[in-house]
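Read top to bottom, the protein sequences are chains A and B.
When we follow the numbering used here, the leftmost residue of the first sequence carries the number 1, and every step to the right adds one.
When we follow the numbering used here, the leftmost residue of the second sequence carries the number 10001, and every step to the right adds one.
These are calculated hints, taken from the structure and not from any lab test.
The model shown is predicted, which means the values in this text are computed figures rather than measured ones.
Beta carbons are placed, not taken as given, at the ideal position from N, Cα and C, and that holds for glycine.
Treat the hints with caution; some may be incorrect.
[To be verified] Distance ranges between label pairs, derived from CB positions: (1) B:I10083 with A:G151: 34 to 42 Å; (2) B:D10512 with A:G151: 46 to 54 Å; (3) B:E10735 with A:Y324: 53 to 61 Å; (4) A:F320 with B:N11036: 47 to 55 Å; (5) A:Q326 with B:K10722: 30 to 38 Å.
What follows is each chain in one-letter form.
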Amino acid sequence: MHIKYESFVREPLVDGNKDYHQVSEDIISPIERKPGRMWYIGFFFSIILLCFGIFSVSWSVYWGLGTWGVNRTIGWGWDITNFVWWIGIGHAGTLISAILLLFRQGWRTGVNRAAEAMTIFAVMCAGQFPIWHMGRVWDGFWVLPLPNTRGPLWPNFDSPLLWDVFAISTYFTVSLLFWYSGLMPDFALIRDRAKTKLRKRLYGLASFGWTGTAKGWQRMEALALVLAGLSTPLVLSVHTIVSFDFATSVIPGWHTTIFPPYFVAGAVFSGFAMVNTLLVITRKILKLEAYITIGHLEAMNKIIVLTGSIVGVAYLTELFMSWYSQAWGEMEAFKWRIVGPYWWSYWAMMTCNVVSPQLFWIKKLRRNIPFTFVMSIVVNIGMWFERFVIIATSTYRDWIPGSWSYYSPEWPEVGFYLGTFGLFFTLYFLFAKYFPVVAVHEIKFVLKTSGDNYKRGMQPIEEKSAEEFIHEQEHHHAEEHAEMAHH
Amino acid sequence: MSQKQYWSDLQDLNNIATKNEGAENEFKEELPFDLSDSVLGATTPRRDFLKFLGFSTLAATIVSSCEMPVRKAIPYAIKPEDITPGVPNYYASTFADGGEYCAIVIKTREGRPIKIEGNETSSITKGGTSARVQASVLGLYDKARLTHPMADGKEATFEAIDRAVKAGLAGKAGYLVTQSLMSPSTKEVISQFIAKYPTVKHVVYDAISYSGMLQANEACYGKRTLPTFHFEKANTIVSLDADFLGTWLSPVEFSKGYAQGRKISAKNPKLSKHYQVEAMHTITGAAADERATCRPSEMGMIAVALYNAVANGTQPSLSSPALNKLVTAAAADLKKGNGMVVCGTNDVNVQTVINAINDKIGANGTTVNWVTTSNYKQGIDKDFADMVAAMEAGQVGVVMLHGVNPAYDYLDGKKFTAALAKVATTVSFAERLDETAQKCKYIIPDHNYLENWGDAEPKANYYSLQQPGISPLFKTRAFQDSLIAWMDAGQTYADYWKLYWTTRLSGQANFDQALQDGVIEPAGEMANGGAVYAGNVAGAVAAIQAKKPGTGTEVVVYQKVGIGHGGAWSNNPWLLEMPDPITRATWDNYLCVSPKRAKALDAELTGFTEVDYNKRVAKIAGANGYTITLPIVVVPGMHNDVVAIATGFGRDKNVGRAAASDATKGGKNAYPFTSFNGTNVEYYSGATVTKTDDKYEVAITQTHNSYENRPVVHEFTLEEFKKDPQALQKERAEEIGHYSGLPWEKHEHEGEALANPEMEENYRKNGTLYPNHPYEGVKWGMSIDLTTCTGCGACVVGCMAENNVSVVGKYHVLRGHEMHWIRIDRYYSGMPDDPDTIQTVFQPMLCQHCDAAPCENVCPVSATNHSSEGLNQMAYNRCIGTKYCANNCPYKVRHFNWMDWNGADCFEDNIFEDGRRDDINDDLTRMVLNPDVTVRSRGVMEKCSFCVQRLQEGKLAAKKAGHPLKDGVVKTACQQACPTDAITFGNVNDKESAIHKLRKEEQVERTFYVLENIHTLPNINYLSRIRNTAEVVAGNEKLDGMYTEHI
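Could you build all of it, start to finish, from the sequences and the hints given here?
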């Protein structure tokens, strides 16, 4: 048993009367049952969206990027907006699993598995955009530093786009490993419970022969720590490097040194919102309210209000700096962002990202599930606009007024974006069906310290006065000593 | 095989059998991998599996790699003597389209013309060209050209048509209608033809008529001709509605001359003074120093006011104070001598008054030359009107039409068509099935001018020879050959022409020389002289005053700089896609309307509506009942009571796919808005304009009109420039001086510092953390003079022709996908509601070839990089199309191949090809492509290369000749096309080069670099715009409403 004593004032992390078996039952049994109606409907629509996305992308690859609305002035539109948006969403998982692990935040146990899965799927979605936005995608592998017979030609290590390639692939690899190593004991659990041969064999393979020995657990803990240590800088570096795409350029509105922290805060902000969106639905459909509690959601909401405020400060700092620099390019760029033909995107961003999360200062709202759900969507709309504002409304009115332009997406761009939702939810539905959406072994790890019933068991002790407790403990010890002596 | 066995050693001898076995089995050793059936079951399955995996992936990659099939490359079986593959041939020739003259040189490669250049030997056009001249080579490969003669709409033989026409000609009254002809030999053929058929009359018909001027000159000077205007000699130029830099008479010639008076430097701070009065906004108005607007019907009154002010010192009392001020100032300047007045109004009375002014100010014999007269236009409006009347009356048996299309461009095309139906024998020499040719019984398509022999006499005693660059592509026949055939003269025009010139030039040697030069000109300066004025000014003034100016809305019918009067140009995709210099619109005509008027029509121009291409449609109802709907394009600088519509649009589908007018593009015909006043065709009329609820997309390439007082353009008045020529350099020092020294050094901006070469050098070094890259040897640089640039667009089309720049069609221009490597940004300043305050400036914008190029470092695959000569170069094959470079280009001059424009892609059947682009990928049209320049495939970035193929060719030639590259030997296509020599290009490191001298000596004061503040270190500099006026309004908080309202 976990020997940490947890104060009674802390909210339980697992609600209801749970024991180890019940935890396994609650979390694993949906995998063993046939999925419900809702799952089939959801999965069907996800596949439809995915197919539409594939069609849209095929269309743009076959006919060319002229099927998109981007133009000579605004070279990146929905494509890179969506890329940064998805990458941002993909930050929550690692933040939860790595940084919160290092900070020993017990409440992460209920949400980390789903959050990590979401990270991986979001990064997969994000990766589609830089690939398919290339004019000659079939030559895209030229960005890889592979020995070759084309010269040999090497990629340009000065290009932030190249740094992106490394940053994202590293992040994806580490996140995947982290996620998977945590899944092994749970796969083994499913294997051990399995009643069909096929399930036994597949989960057996997936669990890499996990036997649950003490050595195994010890190594897994060590691996988790190492990977957490590796991914912590990655959480910060990935979005920092993504922000370099813009920060190292010469376009006012892009050329900003505040971008790395601002992007990271924004990423956590949107990632947590996305986790909330998914958890609110998942806990309901899979009936996991006991494991993903309101307390979990509240903790997430607290981080949302914190990062939302950081982002808000960043927006204001940008405005201040553009004025303080007294550089005409900067000042004009921000003016046109706010009052130009794209004014609505700026104000949508400000409303969704800065104003509305402030409502989470109110505890009642933080713990209100429908409100949390709505806010999680509002935040992600806001964060989408943030990326659109940075990308499109910086280039649309840049240095030379003669080249100013405007941009609206065409259907293949929209289709591509919807397609990534299709991809994301297809994967998520498969995950929800075949993978334990809550980390069983981690829940069990905290169950006896933070489980509702166990905490209730502590109640009589809690109610004792300090003196009484000390006395009892000493007495207890004395008895023990006597017993030992007796032996 | 012989039975003999050879052996190399004894072992060999013993084992000859074994050896054979060995020879058969070349690979004696076991193959290093297992060939058993089951890969996984093999002895070393994992390693082999990986090998197979690697091999199959590689094989699949190689097999599926795109490879373009070679298309129809046919080698010469017998190589023609003069043609070496890869080496261009040049032929001097002549461009003459209905009186529009340009001496040209045709560049041919492998026997096909691919580029037109100006002929520098000509003292008239002096090597300049216009957008139309540049684009004319594409007309040769126009798919809409007729490929064979036709009778009654069916293919026929020349012989059959000849028989029928000869029969038709016999004894019947007939008309031969041509456009203005400058060709002496053609005129000779026509006179012989008329001698043979005396019942035939020759009528000259011009779509855009200068009849009023011709008739006035006849009345005033006894010569029905046009003078030569020496813009280069004029200190004061007053133009009443004459767009002499864009469309009036001979814009290339005039631009060359005009630019001489606009070349200004601190050492020689002199500018001609140019007054412009116009109803709409032309590029000539944009170049003017003082500009005021009026109604077109008021132009006569203004001419009279100017005459009175010049002759009697009378104060003008015109409809606006701006006009009064302008006329007073112009009159005062004209009286100082070396003045000139030109007028674009086609009204004999107004032109009589203009002649009187020129006579009064002593222009005749100095700036207006009556000795060396011009032959550009000969059409008399009345002649044609009389002919139509005769046709209507059924008095005409034969009509032959050459180079004219009255069914489309006559003021009453329907009336003409109806009259034509009453003529028994109608013959058209049209090169395409245009609106008139469709109504003719016989069509004998004429050669394209690049396939034909010919000549021109643009000015008295100035000749220009026309030689073909290619044999006729189709079954066509020279117009002259048809006449000769019907005369039964039994020779060809080519023979006739050669004989004509060898006789005139007395000998083959002279003829050969003339053919090589392209022009035959008298030695020395052009003969100049005046003429005795004998016009009836009082009568003309009375006639003008009797005609009251209009009160309602007036619609002006004007020519676009690109398309002009219409004709074949309507179907030229290069011209259709060339943005109009003023409106920056492509592929359509539209209703030009002032901002104030637009508000009333619910089409207000604001910083928000400017980005909406979907324009409000207005209904225009002419006085004659002709009603059309057109989208509204707001043009600041238009008179508030005037709307304008361009000619050349609203064409029939048989004119060509690009020209065809339909619901999505192609505009409407503007000619029916012209009217006939009994003597002359007037290119305006009263009309009512009402708004509709419809919208229509207009493909405009520039949304924003003000340069927002940014240091992108620098403008000064002449006075400011004279007083402080260094103002610009102080401003630059303010901007870059601070960064020219290291932080611990003394900053150079302290005190009254000037930007100078040393500061530039220090800024280059110290404005960055990166090491400075030295440029030894050649370093290319360009300078663009904003004062002489007229925005005419010749460079844009010249660049398209030289560099195979793709046409993208209206649909893609609408989405900002146009490909022009050089664009001409046009900025307005002034109060939008007051057209007389508008000042306009043009800025050609192309790749600046930055030495610290922001595009270069962001490319993940190094597809764009810097050459040791300072060129920012694109390796198309290396590009994967991330578009990052285009985003990071502060000048936005990089163009992405959004679609497969040219079939250079490896996907099948995905070429973007709809009717809008006129079969640009047809085998025929593709013949225009320059083989020295890669045709870019879809998905790669492209941009200006400084015509690197020309630079390489020049360097190679210099290397072969064993001397360093001489300045002026290589020219970029834009530089060569420019009729005002606004572009200077060369090796900056060459101390003798024009560009070096310009930057370091002659134009130090006017030189600036665009966006110098971001340390891009461009290799293109600009020279400030100097206006010979009282005030530059741009950026002035009180005077520049375009800036304060951000339109």
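**Prompt:** What are the numbers of the hints the structure violates, in ascending order?
**Reply:** Structure breaks hints 3, 4.
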